[in-house]
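Chain residues, written in single-letter form:
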Amino acid sequence: MDKVDAIMSIENVTKSFGGIKAVNNVSFHIKKGEIKALIGPNGAGKTTLFNVITKLYSKDEGKVFFLGKDMENYKPYELIGLGISRTFQNIQLIDEMTVIENVMLGYHSKMRANVADAFFHLPKNKKAENEAKEMAFESLKFLKIEDTANKFPHEIPFGYKRLVEMARALCIQPYMLLLDEPAAGLNESETNRLLKTIFRIWEQNVSILLIEHDMNLVMNCSHSIVAMDEGRKIAEGPPSYIQNNEDVLKAYFGK
Amino acid sequence: MKKKTFLLLLFILTMAVGIVIKNPFILNMLSMAALTVIVVTGLNLLLGFAGQISLGHAGFVALGAYISSLLSVKLGINPWVAIFVAVLASSLFGAIIGYPTLKLKSHYLAMATLAIGEIIHIVVNNYVELTGGPQGFSGMPMLSLFGFVLDNETKFYFFIWPVTFLLILLSINLVESRFGRAYKAIKSKENAAYAFGVNVHMYKVFIFTVSVFYASLAGALYAFYIGFISPSSFGLTQSIDYIVMVVIGGMGNFFGIFFTTIILSVLPNILTSIEDYWPIVNGLLLIFAMMVIPNGMKRLFSWIK
Chain B
1 MDKVDAIMSI ENVTKSFGGI KAVNNVSFHI KKGEIKALIG PNGAGKTTLF NVITKLYSKD
61 EGKVFFLGKD MENYKPYELI GLGISRTFQN IQLIDEMTVI ENVMLGYHSK MRANVADAFF
121 HLPKNKKAEN EAKEMAFESL KFLKIEDTAN KFPHEIPFGY KRLVEMARAL CIQPYMLLLD
181 EPAAGLNESE TNRLLKTIFR IWEQNVSILL IEHDMNLVMN CSHSIVAMDE GRKIAEGPPS
241 YIQNNEDVLK AYFGK
Chain X
1 MKKKTFLLLL FILTMAVGIV IKNPFILNML SMAALTVIVV TGLNLLLGFA GQISLGHAGF
61 VALGAYISSL LSVKLGINPW VAIFVAVLAS SLFGAIIGYP TLKLKSHYLA MATLAIGEII
121 HIVVNNYVEL TGGPQGFSGM PMLSLFGFVL DNETKFYFFI WPVTFLLILL SINLVESRFG
181 RAYKAIKSKE NAAYAFGVNV HMYKVFIFTV SVFYASLAGA LYAFYIGFIS PSSFGLTQSI
241 DYIVMVVIGG MGNFFGIFFT TIILSVLPNI LTSIEDYWPI VNGLLLIFAM MVIPNGMKRL
301 FSWIK
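Here the protein sequences line up with chains B and X, keeping their order. Numbers 1 to 255, taken from my numbering, label the letters of the first sequence in order. Numbers 1 to 305, taken from my numbering, label the letters of the second sequence in order.
Hints listed in this document are in silico derivations from the structure and should not be mistaken for laboratory results. Model, not experiment: these values are computed from the prediction. By construction, the Cβ of each residue, glycine as well, lies at the ideal position given by its N, Cα and C atoms. You can take every hint at face value.
Pairwise CB distance ranges, derived in the manner of DEER restraints:
1) X/ILE19 - B/ASP147: 47 to 53 Å
2) X/MET142 - B/PHE120: 26 to 32 Å
3) X/LEU267 - B/LEU122: 37 to 43 Å
4) B/ARG112 - X/ILE304: 27 to 33 Å
5) B/GLU78 - X/LEU75: 42 to 48 Å
6) B/GLU72 - X/PRO268: 53 to 59 Å
7) B/GLU72 - X/HIS107: 30 to 36 Å
Okay, chain B solo, but in the shape it has when bound:
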């Protein structure tokens, strides 16, 4: 694949814990405007790779590029500034804040009010707060959950929490969205809604990388799939190819 088309390139990434190579020499690209899925049985190294990409883990070898920039020297809190946003597998909403406040947290990095503006509630702070609130509300509206804005996370159903997390991730209008098992814990109708939501996000020119166990969702929504097993990439290609790939079947069914 041409590197120019790629929004993110993962090149020969290796990460070991003790003697175990959780991610072993994995390379692939995510094209601009693509929905890419990362699949594999438990312990395949998907989450480790995800944590390497989001800088929560440091990698042993290899490189990750985002829009041509080497991500080596970026800190985990600087990714959002590059336009990489994410959701979490285990919901990471803050319980003591309302839904809209949670989504406003997603706009934090774009707010320019400094601590002096905040302490004295200067006009700059007021303006930034209003703008953040507007953006957060837009984001909720986009996902059609604006009626939950003033509720607290514990007052809304689980499926909605997932959507709130997405609204928070989309608040800054990122170039790339990382979804960590978005369908985990959702029932069928919620998963269908999620599928539609993912497409609607993609229509906004957001490239998406998702880790997912729900094969139905993965096969229906992704343009390209990377399959991993025991830390290695075992196959990459469109859903139709992955579905019939022997190595993938072996990894899942142990034939």
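Fit chain X to the known structure of chain B by using the hints.
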């Protein structure tokens, strides 16, 4: 009701109390409570919002008190300048000490801050030539404001309470900004804080510094109000008292903490007959509060948004 509206009502009430009550004993008690409210409001930012504990806050109160007193008495510097320099120096000290310390989490952070508080206490207690040691230190002049000397309980009351309310207002402002959201994220979902662009460690150092600012300012004002300071006012007992006030007040709840602090600092003065047993009463109160109202006074003030 909005927080700031309620704060304004409280302010008016406090001023009215100052006008109606002429008893210097009560006014003095309430002014001392105000000084504690300042410390606890700062600690609330650190513990209640950012979720980071400090078991050494009495040490930072001591820093403010001793540095300002020494500057004023030994070098003859103007009290206000002395207070300003002392608070600045203490905050700087807080930032420097906070930088490595706040890389620690929960129990380890508690131990480290406990040690810092104890070190300050020991230094103050043992550096007799400079601080007077256990005998205490005195000779600070009265504070005066625009040629108006704060020489009695009433005057100090009308100085310290507006300052206290201003400091509470500033902390409410901070919490209602993007920084407040960031600190709430740091407290419960640190990974979310990272993901949305919060430099978690620097944010922790900053809020720690702010809370040291509050503590040292209260310490410095206390020193000039009472005119006498001794190490026994700045020990581990006081550090724990501050934490108890934040916890019973309802972690992060400004008004729960406001009233809890006033009640807990006034009570020992009223119940003088059981003075010797106060630590026991205080401990039992904490156990009782934790069993019956684990969220402190939060619910009582949940109607204030």
